[in-house]
Each structure stands twice: as C-alpha cells, then as structure tokens.
Amino acid sequence: MGRFLLSVVRRDLTLAARRRGDWLTALFFFVLVSSLFPLSVGPEPQLLQRIGPGVLWVAATLASLLSLPRLFEDDHRDGSLEQMLLSPSPVVGLVLGKVLAHWLVFGLPLLLVTPLLGLQFNLPAEAIAVLVFSLLLGTPILSLLGAAGAALTLGLRGGGVLITLLVLPLYVPALIFGAGAVGGILSGTGAEAHLSLLGAFFLVSFTVAPWIAAASLKVSLG
Amino acid sequence: MNLYHYASPTTFYRLAGGLVPWLAWAAGLLALAGLYIGFFMAPTDFQQGEAYRIIFIHVPAAWMGMFIYVVMAFWGAIGLAFNARLAFVMMRALAPTGALLTFVALWTGAVWGKPMWGTWWVWDARLTSTLILFFLYLGTLALWSAIEDTRRSDRAGALLTLFGVVNVPIILFSVVWWNTLHQGSSIGVTHAPRMATVMMVGVLTMTAAAWAYTIAVTLARARRIILERERKTEWVQRILAQEA
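Protein sequence lines, in the order shown, are assigned to chains A and B. Position 197 of the first sequence, counted from 1, bears residue number 619 in the working numbering, the numbering being contiguous throughout. Position 21 of the second sequence, counted from 1, bears residue number 71 in the working numbering, the numbering being contiguous throughout.
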C-alpha cells in the first residue's frame with residue numbers, strides 16, 4: 423500500500439507541476455481575500471490584530487474549498503479514476519495519496535505565505551508562529567474532510583457549490599481551535615489547549631475521513 | 051415475529067397507512083392538551099414572566115431536531131450495512147421534518163431571546179450548535195436533490211449523515227468550549243431555576259406530541275416515496291389505479 427500511495431502522490435505532483443495555474447489560483451485567492459478585509463473594515467492596527475487570525479483561517483478554508491472539487495474530478499473525467507479503483511490496491515490508499523498530494527500542493531504554499539499576511543494584519547511574531555503552526559495542523563484537516571466532500575459530489579452538476587454546503591459545517595471545530603490558538607496567544611491565555619484539541623481533531627479526521635471518502639468514491643462511481 | 055416481514059415495501063406501505071391516522075390524531079390531541087397546560091394551567095414564571103411559555107414549543111422542537119439526525123444516521127447505517135431499501139426511504143422521509151423542527155427551535159429561540167436577553171441572536175453555544183445542525187440538514191437535502199440516481203443519492207446521503215454524526219459531538223464540544231472561553235456567562239442560557247410540575251408535564255406532553263407528529267409525517271412521507279420508487283411494480287400500479 424505504501425508504494426501505491428507514493429506513486430499516487432508522485433503522479434499528482436507531476437500533474438500539478440505541469441498545470442501550475444490550478445493551484446496558484448487557490449493561493450492567490452487566499453492572499454486576495456485576506457487583503458480585502460483591511461479594505462472593508464478599516465486599517466486600524468488594533469482592529470486588524472483582533473480579527474486577523476479569524477480572517478486568515480476563514481480565507482484558508484474558503485481557498486481549500488476552491489481547490490477541492492478538482493481533487494478527483496480530472497481523473498474521473500478521463501477515466502483513470504475508475505482504473506485506479508479497479509486496481510487491487512486499497513481505495514483508502516488512493517484517497518490518502520490524493521489528500522497528501524493536495525496538501526503538498528495547496529497547504530504547504532499557504533503556510534509559506536501566511537507569515538506575510540500575518541504582518542499585514544499587524545500580528546506580533548509570536549502570534550504569527552502560532553498561526554503557522556495551527557495551519558500546519560489544520561490544513562491537513564481541510565484536505566481530509568474536503569476529500570470526503572469531493573468524493574460525495576463527484577461528477578455532479580454544481581458540485582463546486584454543493585461541496586461548500588457539505589463541508590463547511592464540518593470545518594467548524596478546526597476553525598474554532600485554529601483561530602482560537604492565535605487568539606489565546608494574543609490575549610495571554612496561551613495556545614497549548616487549542617493546539618492540542620486541533621491535533622486531536624486532526625487524528626479523528628485522519629482515522630474517519632479517508633474511509634468515508636473511499637466508500638463515497640465507490641458509491642459515486644457505482 | 052419476523053422483522054424482515056415489515057422490511058418489504060408492500061407490507062410496510064399497508065402497515066404505515068394504518069398507523070398514520072392514529073398517530074396524526076394522537077399528535078393533534080397531545081399538542082392541544084400540551085398547549086392548554088402550557089398556556090392556561092402552568093403558572094407564570096417569577097423571573098421570566100409570561101414569555102417563558104414558548105418553552106413548550108421550543109424545547110420539544112429542539113430535542114426532536116437533534117434526535118432525528120441520530121435516527122437518520124441509524125437508518126443510513128442499516129441501509130449501507132444490509133442494503134435495505136426501506137432504511138434509505140426512512141432516512142429520506144425523516145430529513146425534512148428534522149430540518150423543519152430545527153428551524154422551529156431556532157426561530158422560537160430567537161423570539162424567546164428577544165424579551166429575555168434583549169437580542170434576537172446570541173452566539174451562545176447552544177444556539178450556534180443548533181444552527182450548525184440546521185446547516186448539516188440542509189447539506190444532506192442539497193446532496194439528495196443534486197443526485198438523480200436513486201441508488202447513488204441514497205448511499206451518498208447515508209455516508210454524509212454518518213460522517214456528520216461522528217462530527218456532531220466534536221462540533222458541540224468545540225462550540226461549547228469556544229463560547230465559554232471567550233464570552234463568559236454575562237448572558238448565558240437563563241435556565242428556569244426550578245421547574246414547577248405543571249410546566250414539566252406541559253413540556254413532556256408537547257414532547258410526546260412532537261414524537262407522534264414526527265412519526266406520522268415520516269410514515270406518510272415514506273409511503274409517498276415508496277409509491278414513487280416502486281411505481282413500476284404491479285401492486286403500486288393497482289393502488290394508483292384505485293386512487294385515480
């Protein structure tokens with residue numbers, strides 16, 4: 423299963439490297455949405471610091487939703503997804519490989535630009551470090567839960583909007599704990615409790631979501 | 051008694067048809083009794099005055115709204131595990147009622163919140179988690195309506211509900227924790243300190259009414275879904291010919 427997983431990851435990374443526009447769009451969306459907030463609520467540093475962690479977290483969830491419908495869609499359209507499901511390797515391995523590739527292509531670049539956006543929101547260095555760490559724990563959750571949503575809505579008309587309705591309520595704990603960790607640092611209560619809970623939520627998502635996604639893929643492809 | 055006997059759409063259709071009127075009458079009578087107890091017999095609350103009386107609608111609706119989601123997940127699991135068509139039918143029939151009652155709980159909560167807390171909406175843990183539950187219902191309904199193939203939409207909805215039911219406790223917990231950490235109990239849910247027996251009886255009667263209503267509506271809806279799905283079979287053709 424390990425080798426299968428790696429080959430799925432390598433394949434998806436190769437595809438992503440050849441179509442840079444796809445994942446750069448999600449990243450650009452993240453930067454753009456975050457930059458719109460100071461324009462709409464005003465540039466007072468105190469206010470921006472107060473809303474910064476939440477805004478960046480919401481922008482990250484929305485950006486992940488933007489990129490998620492493509493997770494299985496392209497392979498579904500050219501038929502390779504069906505072939506992969508027919509292969510003797512477990513479907514969960516396919517899902518995990520896809521999720522890992524999605525995180526490498528979407529989550530990792532997002533982590534890299536987050537410090538810059540944190541500066542835009544007047545966050546102190548310590549809070550930025552916690553923010554990046556919370557996103558390091560949190561973006562895999564977004565990819566995992568989103569994979570289940572993408573598998574459920576595979577090939578549907580308007581699947582892109584539908585996945586938002588299905589997955590956003592499930593993102594709530596990640597959002598609360600992730601943004602809460604940064605808020606905890608800013609208000610002086612500490613981030614550890616939030617980060618531990620975020621880690622726990624990651625583990626739960628990691629154990630449940632791939633199976634749901636695998637079962638959904640089988641259902642969606644009949 | 052053979053339970054599988056009732057899993058056949060034909061038997062179920064007849065059985066449910068017999069039960070629906072009884073349950074509907076029970077729901078109506080219980081609701082009348084409960085409302086009478088609630089609005090005429092129950093004493094005025096010394097803290098909340100008359101406004102607390104919305105509890106007789108609010109609490110049963112909220113309980114039922116939460117409970118129906120779990121029942122949906124149960125039928126979804128049965129459907130997936132045993133490939134039982136009727137289980138999926140039940141799941142589908144439950145969802146609109148669950149969404150409706152959750153909405154009623156939110157609505158009455160807002161109406162109750164206005165005189166008590168001075169605001170229609172507070173980001174209180176219970177309000178927030180109920181709102182998210184409502185979103186989960188809407189997501190399931192949207193998924194069903196987007197998939198035309200019955201088999202696929204049944205299974206996809208079941209998987210989504212199962213996934214949701216795993217998440218609901220986590221969401222509840224996270225929201226409770228989020229609120230208590232940030233907002234403190236300046237407003238909080240003003241629980242009735244001690245409930246008079248009459249009030250309790252009223253709430254329980256209304257809860258029984260909500261149960262009867264839910265089962266009646268679900269069975270009636272399930273019958274329609276069965277008719278739609280089995281429309282090619284002989285027995286449904288016969289029923290449709292009679293009704294026409």
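I should point out that these hints are in silico values taken from the structure, not numbers from a laboratory. You may find that some hints are simply not true.
[To be verified] Derived Cβ-Cβ restraints for the label pairs, each shown as a range:
id : chain 1 : residue 1 : chain 2 : residue 2 : range
1  : B       : Trp285    : A       : Gly580    : 30 to 40 Å
2  : B       : Ser195    : A       : Thr447    : 55 to 65 Å
3  : A       : Gly580    : B       : Pro93     : 51 to 61 Å
4  : A       : Val535    : B       : Leu69     : 35 to 45 Å
Yeah, the Cβ is synthetic: ideal placement off N, Cα and C, and Gly gets one too.
A quick look at each hint next to the structure:
no.: 1; hint: B:Trp285 x A:Gly580: 30 to 40 Å; result: holds (36 Å)
no.: 2; hint: B:Ser195 x A:Thr447: 55 to 65 Å; result: violated (29 Å)
no.: 3; hint: A:Gly580 x B:Pro93: 51 to 61 Å; result: holds (53 Å)
no.: 4; hint: A:Val535 x B:Leu69: 35 to 45 Å; result: violated (60 Å)
Of the numbered hints listed earlier, those contradicted by the structure are 2 and 4.
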